[in-house]
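K.L.:
Single-letter residue listing:
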Amino acid sequence: MRQVLEVHNLSARYGRVEVLWEVDLFVGSKEIVSLVGPNGAGKTSLLRALSGMASSSADVMSFRGKDLRGLSIEQIVDVGIAHVPEGRRLFPGLTVRDNLRLGGWRTHNQDVSRVVELFPKLGQRINQVCGTMSGGEQQMVAIGRGLMGEPDLIMIDELSMGLAPVVVEEIIDVLPDIAASGTSVLLVEQDVDAALTTAERAYVLETGRVVMSGQAGELLADPRIQQAYLGIG
Amino acid sequence: MTGFLQAVAYGLLQGGLLALVAVGFSLVWGVMNVVNLSHGAFVVLGAYVGLLVNQRLGLDPFLGMFVAAVALFALGYVVQRFVINLVVNGPIFITLLLTFGLELLLTQGMNIAFTANYQGIQTTYAGTSFAVAGVQIPVGRLLAFVLSVVVTVALVAVMNRTRVGMSIMATGMDRGAARLMGIRARHVYALTFGIAAGLAGMAGTMIGMVGTFNPASAGGFTLLSFVIAVLGGLGNMYGALAGGMLIGLVQALGGYFLSGTWVNALAFLVLILVLMFRPSGLVGKAFYSARLEV
Chain C
1 MRQVLEVHNL SARYGRVEVL WEVDLFVGSK EIVSLVGPNG AGKTSLLRAL
51 SGMASSSADV MSFRGKDLRG LSIEQIVDVG IAHVPEGRRL FPGLTVRDNL
101 RLGGWRTHNQ DVSRVVELFP KLGQRINQVC GTMSGGEQQM VAIGRGLMGE
151 PDLIMIDELS MGLAPVVVEE IIDVLPDIAA SGTSVLLVEQ DVDAALTTAE
201 RAYVLETGRV VMSGQAGELL ADPRIQQAYL GIG
Chain H
1 MTGFLQAVAY GLLQGGLLAL VAVGFSLVWG VMNVVNLSHG AFVVLGAYVG
51 LLVNQRLGLD PFLGMFVAAV ALFALGYVVQ RFVINLVVNG PIFITLLLTF
101 GLELLLTQGM NIAFTANYQG IQTTYAGTSF AVAGVQIPVG RLLAFVLSVV
151 VTVALVAVMN RTRVGMSIMA TGMDRGAARL MGIRARHVYA LTFGIAAGLA
201 GMAGTMIGMV GTFNPASAGG FTLLSFVIAV LGGLGNMYGA LAGGMLIGLV
251 QALGGYFLSG TWVNALAFLV LILVLMFRPS GLVGKAFYSA RLEV
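Sequence order for the protein chains is C and H. Okay, so the first sequence: first residue is 1 according to my numbering, each after it adds one. Okay, so the second sequence: first residue is 1 according to my numbering, each after it adds one.
These are computed hints drawn from the structure, not numbers from a lab. Fair warning: this is a prediction, and the values are worked out from it, not measured in the lab. Keep in mind that the hints are not guaranteed to be accurate.
[Said to hold, decoys possible] Label pairs and their computed distance ranges (CB to CB):
no.	chain 1	residue 1	chain 2	residue 2	range
1	C	N109	H	G134	53 to 63 Å
2	C	D59	H	G176	24 to 34 Å
3	C	V211	H	L105	50 to 60 Å
4	C	G15	H	L105	31 to 41 Å
5	C	D67	H	S280	40 to 50 Å
6	H	V164	C	P120	28 to 38 Å
7	C	G135	H	S280	23 to 33 Å
8	C	S57	H	A216	52 to 62 Å
9	H	G176	C	Q3	21 to 31 Å
10	H	L104	C	S57	37 to 47 Å
11	H	G176	C	E206	42 to 52 Å
[As the list claims (entries may be wrong)] A short, non-exhaustive set of chain C residues, derived as facing chain H with CB atoms under 8 Å:
no.	residue
12	E74
13	V77
14	H83
15	E86
16	R89
17	G93
18	L102
19	G103
20	R106
[Said to hold, decoys possible] Which chain C residues stay away from chain H? Per the calculated CB distances, all over 12 Å, these:
no.	residue
21	M53
22	V116
23	E200
Every residue, glycine too, gets a C-beta built ideally from N, C-alpha and C.
Hey, can you work out the whole structure from these sequences and the hints?
P.N.:
Quick look at the structure:
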């Protein structure tokens with residue numbers, strides 16, 4: 001499988017506090033990869049390091065052969081990485097359509113039809129102001145906004161945060177379509193069961209280090225994962 | 001009665017011009033959370049640019065204001081890009097201090113370059129007037145008023161309809177999220193500050209045409225901009241227009257009924273009253289409702 005994102009020996013820090021150590025990670029083309037782990041493990045920090053929001057150092061941090069080290073947030077967006085941040089960070093006073101259009105700002109993409117196809121609910125609410133929508137709908141807008149820039153990789157932070165399980169399922173079901181159409185997905189998720197059922201591969205982070213990684217199915221069957229995250233055993 | 005109507009007419013016309021003075025100040029505050037204390041100095045500098053091109057090249061102020069706008073836009077862009085951007089994420093006290101320093105620099109620079117004498121841009125028409133139902137309408141002020149309204153409406157259209165406007169609004173709402181869309185926040189900030197300075201330059205040329213000015217006028221324009229921006233609702237451009245008209249009216253009627261020294265106190269009294277009942281300003285909410293940083 002062709003790798004789009006490749007990371008070797010990445011460390012990240014906030015000020016002087018180091019939060020990630022020696023992380024190795026890759027994401028393949030059209031692949032869904034999950035990052036799981038407890039609160040404070042560094043999942044969000046890893047995404048922030050990859051999108052340039054947190055300062056980091058690495059031996060290799062490249063995307064489709066392009067070195068990401070030292071690039072600004074905007075430059076990383078330019079190479080084709082979309083980051084759906086924690087808390088969604090929609091523009092609350094703007095409509096769904098305007099939020100989506102801003103997602104396509106870089107690529108001059110104003111056509112929201114593909115996003116509406118993925119999330120038909122948004123079609124009915126295209127002129128609604130985002131701040132007035134439910135959490136699930138806002139998450140759809142956030143992911144849709146990320147896709148508007150036609151990225152090769154979309155990184156989604158805490159997809160299920162604050163959402164009802166049925167809504168989470170509705171959104172997660174769309175991820176394989178997104179991957180199949182050429183946008184790889186790097187998913188940070190607290191719900192380990194959902195994360196490992198959707199993804200092809202996964203990385204388990206604990207206290208800033210990758211402690212396990214492999215095929216999602218194998219991890220799901222692993223007794224350590226079952227005991228620590230799924231309450232089984 | 002005619003005297004009262006005359007004061008109302010004068011107040012509304014003056015208010016439109018004050019709105020043009022303040023709209024850029026409000027924009028910068030709303031988008032960047034920078035209270036630009038040098039805004040009044042930009043207005044006065046615009047007046048001097050208008051005066052210079054009028055005296056040297058014979059340009060009418062309605063053409064000269066475009067020269068002032070372009071010159072001030074360039075100055076504003078450079079100042080934000082290379083100076084204010086360095087501290088724009090810092091506490092508001094730091095940006096206050098920086099723009100205060102800039103104001104001193106600009107006004108003292110203008111004192112040296114142009115002297116402290118009062119000046120005005122002379123035209124054949126600005127001093128003339130015509131009567132409507134016994135009320136004298138000064139032509140220069142009427143033209144300046146129309147220009148102010150047109151420019152404010154155009155500014156709102158640019159903000160809502162264009163790619164640049166969308167990027168400015170998005171950056172004002174959530175700079176971090178805007179950067180994740182690939183929007184160059186530093187460039188957008190510089191652009192916003194440049195637009196504000198350009199509008200101040202235009203307003204300055206108009207002020208030079210309808211009245212007199214000197215470098216020391218800068219502080220008064222900053223103060224009025226502050227009152228009008230807060231009155232209207234920060235970052236809300238129609239709010240600036242409404243706030244400007246209200247302050248213009250209050251000042252004119254205050255001057256009609258009371259002795260002159262009360263006029264500025266009245267402006268602040270109105271500010272306090274409006275904020276007591278509508279804390280977000282005259283025109284509802286500002287266009288941003290949340291601000292987050294990366």
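K.L.:
Each hint needs a verdict: does it hold in this structure or not?
P.N.:
Going through the hints against the structure:
The beta-carbon spacing between N109 of chain C and G134 of chain H, approximately 59 Å, falls within the hinted interval of 53 to 63 Å. The supplied range of 24 to 34 Å is met by D59 of chain C and G176 of chain H, whose beta-carbon atoms lie about 28 Å from each other. Against the hinted window of 50 to 60 Å, the Cβ-Cβ separation of V211 of chain C and L105 of chain H comes to about 57 Å, which satisfies the hint. Our hint of 31 to 41 Å for G15 of chain C and L105 of chain H holds, since their Cβ atoms are close to 34 Å apart.
The beta-carbon spacing between D67 of chain C and S280 of chain H, approximately 47 Å, falls within the hinted interval of 40 to 50 Å. A beta carbon spacing of about 32 Å between V164 of chain H and P120 of chain C agrees with the range 28 to 38 Å that was offered as a hint. At about 26 Å, the CB distance of G135 of chain C to S280 of chain H agrees with the hint of 23 to 33 Å. At about 53 Å, the beta-carbon gap between S57 of chain C and A216 of chain H stays in the expected band of 52 to 62 Å.
In this structure the supplied range 21 to 31 Å holds for G176 of chain H paired with Q3 of chain C, their Cβ-Cβ distance being about 28 Å. The hint said 37 to 47 Å for the Cβ distance between L104 of chain H and S57 of chain C, and at roughly 43 Å that hint holds. At about 27 Å, the CB distance of G176 of chain H to E206 of chain C disagrees with the hint of 42 to 52 Å. A distance limit of 8 Å between C-beta atoms decides the matter here; for E74 of chain C the minimum to chain H is near 5 Å, and the interface restraint holds.
Annotation: V77 of chain C was flagged as interfacial toward chain H, and the flag holds, the nearest CB pair being 4 Å apart, inside 8 Å. Among the interface hints, the one on H83 of chain C holds; its C-beta lies about 5 Å from the nearest C-beta in chain H, closer than the 8 Å criterion. Contact between E86 of chain C and chain H, as hinted, is not supported at the beta carbon level, the nearest pair being about 11 Å apart and thus beyond 8 Å. Given hint, R89 of chain C at the interface with chain H, holds; its Cβ is 4 Å from that chain's nearest Cβ, closer than 8 Å.
Nearest Cβ of chain H to the Cβ of G93 of chain C: about 5 Å, under the 8 Å cut. The hint holds. Satisfaction of the interface hint for L102 of chain C is found here, the shortest Cβ-Cβ separation to chain H being roughly 5 Å, below the 8 Å cut-off. This hint holds: G103 of chain C has a C-beta 6 Å from the nearest C-beta of chain H, less than the 8 Å allowed. Taken as an interface hint, R106 of chain C checks out: its beta carbon lies about 3 Å from the nearest beta carbon of chain H, inside 8 Å.
For M53 of chain C, the requirement that its beta carbon stay farther than 12 Å from each beta carbon of chain H is not met, with the minimum near 6 Å. With a least beta-carbon separation of about 19 Å from chain H, V116 of chain C lies farther than 12 Å from that chain, consistent with its non-interface assignment. No beta-carbon of chain H comes within 12 Å of the beta-carbon of E200 of chain C; the shortest separation is about 25 Å.
Going through the hint list in order, the structure does not satisfy hints 11, 15, 21.
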